[in-house]
Amino acid sequence: MKEFAYRRAADVAGAVALLDADPGARFLGGGTNLVDLMKAGVESPERLIDIRELPLDGIGRTEEGGLQIGATVTNSDLAAHPEVRRRYPALTQAVLAGASGQLRNMATVGGNLLQRTRCGYFTDITQPCNKREPGSGCPAVEGEHRNAAVLGASHHCVAVHPSDMGVALAAYDAVVSYQTAEGAGELALSDFYLPVGDTPHRETALPSGALITAVTLPPAPVRSRYRKVRERASYAFAIGSVAAALEVRDGVVREVRLAYGAVASRPWRARTAEAVLRGAPADAGSFAAAADAELAAASPLTGNAYKVTLLRNLTIAVLTELAELAEPAGPTGHDQEGSAR
Amino acid sequence: MITSDPTASQTAGAIILHVNGEKHALTVDHRTTLLDALRERLDLTGTKKGCDHGQCGACTLLVDGRRSLACLQLAVAAEGREITTIEGVGGSGAGQGAGPGSESGGQGELHPVQQAFLEFDGFQCGYCTPGQICSAIAMIEEHAAGWPSAVTDDVHPEAAPQPLTPEEIRERMSGNLCRCGAYMSIVQAVGYAAGARHTHSGPDEGSAA
Amino acid sequence: MTSTVPAVTAPVTAPPTALGTARTRVEGREKITGAARYTGDIPLTSLAHGSLVLSTIARGRIRAVDDAAVRAMPGVVAVLHHLNAPRVRGDYPSIMGMAPDPTVRAFQDDRVPHWGWPVALVVAETPEQARAGADALVVAYEAEPHDTDFSGERTDAFALDGVVPATLAKGDEEAELAASAVVVDASYTTPEEHHNPMEPHAATAYWQDGRLEVLDSNQGASWTAEDLAKAFELEPGTVRVRSEHVGGGFGSKSVRVHQIAAVMAATELQRPVRVAMTRRQMFSLAGYRSPTDQRVRLGADPDGRLRVLSHGSVSQTSSVYAFVEPAAAAGRVLYDAAAHRTSAQVVSLDVPTPTSMRAPGMAPGSFALESALDELAERCGLDPIELRLRNEPSAGPLSGLPFAGRNLRACFEEGARRFGWADRDPRPRVRRDGRWLLGTGTAAATFHAFAVPSTAAVTAWADGTFTVRIAAADIGTGARTALQIVAADALRVAPERVQVRIGDSEFGPAWLAGGSAGTSSWAWAITPAAGELRERLALGVDIPADGLTVRSDSTTALAGQEPAERHSYGAQFAEVAVDPGTGEVRVRRMLGMFAAGRIVNPLTARNQLVGGMVWGISMALHEEAVRDVRSGSLVGADLAGYHVASHADVAHIEADWVDDPMPGDPIGIKGVGEIGVVGAAAAIANAVRHATGVRHRRLPIRPDRVLCGESVDGGPAGESLERGLPGESPDA
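Protein chains in written order, with our numbering: chain A, 1 to 341; chain B, 1 to 209; chain C, 1 to 732.
Check before you lean on any hint, since a few could be wrong.
[Claimed, not checked] Calculated lysine to aspartate or glutamate pairs in the EDC-like style (CA-CA distance at most 20 Å, straight line):
| # | chain 1 | residue 1 | chain 2 | residue 2 |
| --- | --- | --- | --- | --- |
| 1 | A | K2 | C | D66 |
| 2 | A | K2 | C | D135 |
| 3 | A | K2 | C | E125 |
[Stated by the list, open to error] Derived list of chain A stretches under chain C, where covered just means 3 residues or more per stretch with a C-beta under 8 Å from a C-beta of chain C:
| # | stretch |
| --- | --- |
| 4 | 119-126 |
| 5 | 134-146 |
| 6 | 210-216 |
| 7 | 234-243 |
| 8 | 311-318 |
[Stated by the list, open to error] So, partial list: chain A residues that the calculated Cβ filter (under 10 Å) puts toward chain C:
| # | residue |
| --- | --- |
| 9 | A40 |
| 10 | G41 |
| 11 | E231 |
| 12 | G303 |
| 13 | Y306 |
Hints were generated in silico from the structure; no laboratory data involved. Even for Gly, the Cβ is constructed at its ideal location relative to N, Cα and C.
Looking at chain A on its own, in the form it has when it is part of the complex (with noise of 0.2 Å):
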C-alpha cells in the first residue's frame, strides 16, 4: 500500500470541496471494499477523505411516502430498520444476504454502490484487466469466467456487480442522490450505472467529485422477496440472484418489479421480463415466458451458460412464492398484508 494523506470530514460541504481540491482523493466510508483494494494496489489514493462522522446516518419517510436512507447508513441498520422490514422486505433480506455480520456493520449504503467487482482478474494486479487498465485485455473472456455476465457485457469486460443490496434497490427504483462542489444532483438507480461498451474502467454516471448523500426508495409493492444462490451457504458472493415485488389481485399481475444479479455490471432490472408480467395471468406459465423474454438478450460464454437456466429457475420459483403469498390457495388461507417469507 502507498502512502496517503487523512482527513476526517465533519459537514458534507467540507468533504465535497476537500476532494474538488485533490483529484488524487477519495472518500473513505466503511473501507470494506476501499481499504481491501489499496492493500491488493488495484486502488492507490493520495489523500482520503474519512465520511464516516457526516450526518447521513439517518433513514426517515419521504413526503411521497417512500423513504430516504442516509448514504453513510450501515448495511447492518438498514437491514434491522423496522420501515425497511416493513415495506421494504426485499432489501433487508438482500442486504442480510451480502458479506458477513462483521461486515454489515461496518459498509455504507453509499460504498455498497460504488464497490469494485470481485473478477479475479481485477482484484489481481498481476494480470491485465480493462477495468483496472483499460486496453490490457480481459483475460476472463477465454479464462475463467463462470461468475461472469451474460447480460449486458461486452467482450471488452464481463465482470459482474457484486452487490446485493443494490438488487433489491434497482427492482424498488431507488434514486440516488449526490453532492457535488456545484451543488446537489439525483440520479435514477437504472441511470447511475453506465454501459460496459469499451469503456469499462467507466463505471457510474456519477458527475467526478461527487459525494452521495442519500438514496430514496419511493413507494412499492410490499410483497417483495430476494433470494440469492452461492456456491457455499453464506459469505460468499452470488452466482445469481433475483429481487421481486409482486401485485396480484384476481389471478393478474397488477404490479411487479424484477431485479436480477450477479449477471451483468450493474444490478439488472428486468424491464422486458415486468412488461411480458404486467396484466398476465400469475401463473408459472407467464412467469417462465417473462424470464424467458428477458433471457432472450443474453450472450453467455461457455463457462457460464448456467446462470441462464439458474436465473430463469429463480425467477419462476421467487415469482411464484410471492403470488402464493398474495393470493394464497386454500380455504384457510388469508393475505396477510406485509408479509416477507
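Got chain A sorted already, so can you dock chains B and C onto it with the hints?
Using the frame of chain A, we list chains B and C on its own:
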C-alpha cells in the same frame, strides 16, 4: 473542517485509541490498520490476522459494541471509537499479564461465551477463536435487539421474535471461518452461552440417530 | 457441562486412568482469552519485518532486480534476492529421506519455475513499509513458454514412487474383466486444493549467543531445526526452533521460504526479522493437494464379489520436484480382487510444488473408489453396505499380512443402525422436502496407522509434579492434553500434576504432527520414560533440586514391531438436500463411525474427527483452486475466491467410534487426524446421486454442475446420452 493532527506529517498522524477501557496515544502511519496497531504497537495480539482482507473473520473485535473487522479498519479512522478486543471481553485480567511462553491465560473472570468455548471444546488450533468469541458476543446482542438474519423466515418487524436456533447461529456466525472445522462445538458453545435450549443434546433439530 | 473428570477422588497409589475420559484442553484458557502467543504474536526488541516478492511469470529467468529505489524507501533496511542473498543448500534429505520443498532454495539463482515463486525479500522497520517496498520492487523477467495444463489424458504422465510404490498389481485384469458379470469403468477428478490453515505461515529468526533462534509456526520443531541447520550448513546443535502454538497446519507447515528468508535476513542484518506469508502468497508458497484424474475399473460377479479392482491416478508435480499424490492406495487396504492393480502417475508442470494435505492420497482416492463402489452396488442391485461387507478381505489384499485390528464391519453395522440406513429406499430421486430433493449415501474410510521413533524426557520434581518434554506440536489436535493424559497414566498420577512442554527443538528429535501418527509416536516415547520414572520413584529415591529425569528413545522398541497391516477404518454416512432448480446442495446431517484405535481424549478426538468430516463437506461442495493456463497463475487465490466450508454449510455432524485398540501399541493408539476426511466426499456424492439420480464424478459438486446435470423439464438430464446408468453428469 478537519480534525486530524495538523502537526503530523501528511501520511502519519498522532491519535488516541480507546482500547479495553484504556487510552493509548500513538503516532500511526495512515496505512496502519487497527489490526496492526493493536498487534504491533500495543502488544494486544489476541486479535489475529488470518487473511488481512475481510475474508475470514479472525480479526473480529468490537467497535462501539458492534463486531467489526480490524483488518479493514484504518487505525487513524478508529480514533474516538470504543474498541474491545478479546483481551477485554472478560472480567479484569482475563487476557492480561501473559507474556511469551506463559502457561497461564491470566486468572480474571471469563465471559460466559469464553467459558462455553472452553467447556464445549469450541476450537482446535485456537487461531480463529478470539474472532469467533468476539463475534458471538456481539451476535447474541444483535439477536436480542431483534435483528433478523438471512435465514429468518419473516423479517417483518411485527413478526414473532426468531429464537436463536442452531440454524440462526450458523448463519449469523458464518463470517468467522474455522479451518479446523470446529463448527459443531462452536455452535453448541454459542447456543449454550446464549441460553438457547437443546444445547446438551446436540445443537440441532434432530439427532443423527 | 464439565468435561474434566475430577481425579482427586482417586487413591494416591492407583488413581483411575484418565485415558478415555473427556478433558478440556490444557492451553484452552490461553486460547480463549487471546493470551496464547502464536509466532507472529511474540514481540521482540528491534524486530524488522520481511515481505516476500513473488514472480509474475510462470516460467523463465530473472533479468534484473532494480532494488535501488526500494532501498531508498522509508524504513527499508534490506532487499534480498538471487544476486545478494546468502547461499543455502536444498539437496539434503529431509523428513523420511525426501528432498525439502524447492522454495527452500529461494534467491539462489535466476530461474523462475512457476508463478508465485519467491524472487526477493524486502525488510523494513514496519510491516507497512516492508509491504510497500515489496509492492514497489521492479523485477524484470525473461519469460519462457509455460505449461500448466493438467489433465489425466496427458501422454507425458509417468509412474512415480512416493512413500508407497507407484504400482502394485496381481492377477490378469483383462481376463477377469471379461469374466465379470457387472463392470464399472469411470473417471473421477478432484481439483487443486489448498490447506489454508487459519494462521498464515510465519517465522521470526534472530541470533543469540552464537545460536540461531527461530520462532516458527510448524508441525515439528526438531524437524524444522534439523532442516534449517542442513540448509544453512550450521552445526546441528546451533539451531533452536520453537513453536509453542500453531494455528493449524494440515500438512503445509514444513520448512518453506518464510523460515529461510527470515534466517537470511536476520543473518545479514544481525537483528530479529519476522517473515509472514500473506494469505494470497500461501497459494503458491505453502504447498497444496494436487488435482487428480482417476480411472476406476471394477468387475464383479452378480453377487457383487469383486473380480477386478483397477485404480489408476494421475496427479501433477512441479518441474523442480517429484511429488506424487498416491490416490490409488486406498484400494490396497480396503478390498481384495483376483485382479488387483493400483497405480500412480504424475505430470510435471510449471506449477508450484504440491505436498501432503490432510489424508494425502486417501482423501481424493476414496472419492473415486468409494463412488465407484456405489455405482457397482447400484448395478448389482445390492445395498452399498452389503456390497462392501461381501468384499471384506481376511488379510492384506496385496501383502497377505494380517490386519492389526480391522473393524470396518462394526463401523458399518453400528453406523447403519444409528443413521437409520435400514429404512433407506434405494431408488434415486423419489424423496422431496419442498424444493429440495433428498438422498443418503455411505462410503468406507481407511488411513494407515503407524508410529515413528521419537525421544522424550520425563522429570519428577520434589513437589510431586512432573514435566514431560517432547518436541511434539499441537496444531489444534489437542496433543498437549492427550500427552498429559498419556504421561499421567504411565506415571499413575492425576493429570493435573503433569506439565507437558512441547514445540521446542531443544527437547530432541521427535516425529511431527502429521500422518495421523503424532500422538502414537510421542506416546511410544513418553510411556517408557514415565514408566521407568515411576518405578524408580517407587524405590524411594530422593528427588534432587533439579529434578529426576528419565529420557527415552523409541527407536529400538519400534524396530521390533511385527509386520502387519495397520490401519484405522470408518463408515461415513451423509444425507443431502439438492435444489434441482438452483443447483444448491446442502448436507443436512453426517455420521461417521470410526475404528481408530484407543481414544485418549474423547472430547478433542471427536472434535478432530468431526473437523475431518467438515473437510469432507468442503471438499465435496466447495474447494477448488482455478488455474489460468494462459498466465499460469491462480484466479481468485484468497479466501473469498477459494471457498472453505463456513458455519452455515455444517448442519449436523456426529462422530463416534467402536472399540478398536491397536495391537502392539503401548496404549492402543491408531490416530484420528485424517480418517475423518476419508470417504466423506464420496458419501456426499453418493447421497447426491441418490437424491437426484445424477452421478457427479467431478469435485466439487458446484451449483453449475448440478444444474448442468438437470434437464429443463426437471429430472436428470442426458438419460439417453450416457454410457452406463441413467443420469450421468454430462461433464463427468
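Hints versus structure:
Restraint check for K2(A) and D66(C): the C-alpha separation of about 18 Å stays at or below 20 Å, so the hint holds. A hinted pair counts as satisfied when its Cα atoms are at most 20 Å apart, and K2(A) with D135(C) qualifies at roughly 9 Å. Restraint check: the Cα-Cα separation between K2(A) and E125(C) comes to about 16 Å, which is no more than 20 Å; the hinted pair holds. For the stretch 119-126 of chain A, the stated coverage by chain C is satisfied: 5 residues place a CB nearer than 8 Å to a CB of that chain, which reaches the threshold of 3.
Counting residues of the stretch 134-146 of chain A whose beta-carbon sits less than 8 Å from any beta-carbon of chain C gives 5, enough to reach three: the coverage restraint holds. Evaluation of the coverage hint for the stretch 210-216 of chain A: breached, as 0 residues show C-beta separations to chain C shorter than 8 Å, against a requirement of three. Given as covered by chain C, the stretch 234-243 of chain A passes the check, having 6 residues with a CB less than 8 Å from a CB of that chain where 3 are the minimum. Only when three residues or more bring their CB closer than 8 Å to a CB of chain C does the claim for the stretch 311-318 of chain A stand; here the count is 4, and the claim holds.
Evaluation of the A40(A) hint against chain C yields a held restraint, the C-beta minimum of about 8 Å falling below 10 Å. A distance limit of 10 Å between C-beta atoms decides the matter here; for G41(A) the minimum to chain C is near 6 Å, and the interface restraint holds. Residue-level restraint check for E231(A) holds (minimum Cβ-Cβ distance to chain C is 6 Å; threshold 10 Å). Because the smallest distance between the Cβ of G303(A) and any Cβ of chain C comes to about 8 Å, under 10 Å, the interface hint for this residue holds.
A least Cβ separation of about 4 Å between Y306(A) and chain C falls short of the 10 Å threshold, and the interface hint therefore holds.
Consistency note: the structure conflicts with earlier hint 6 alone.
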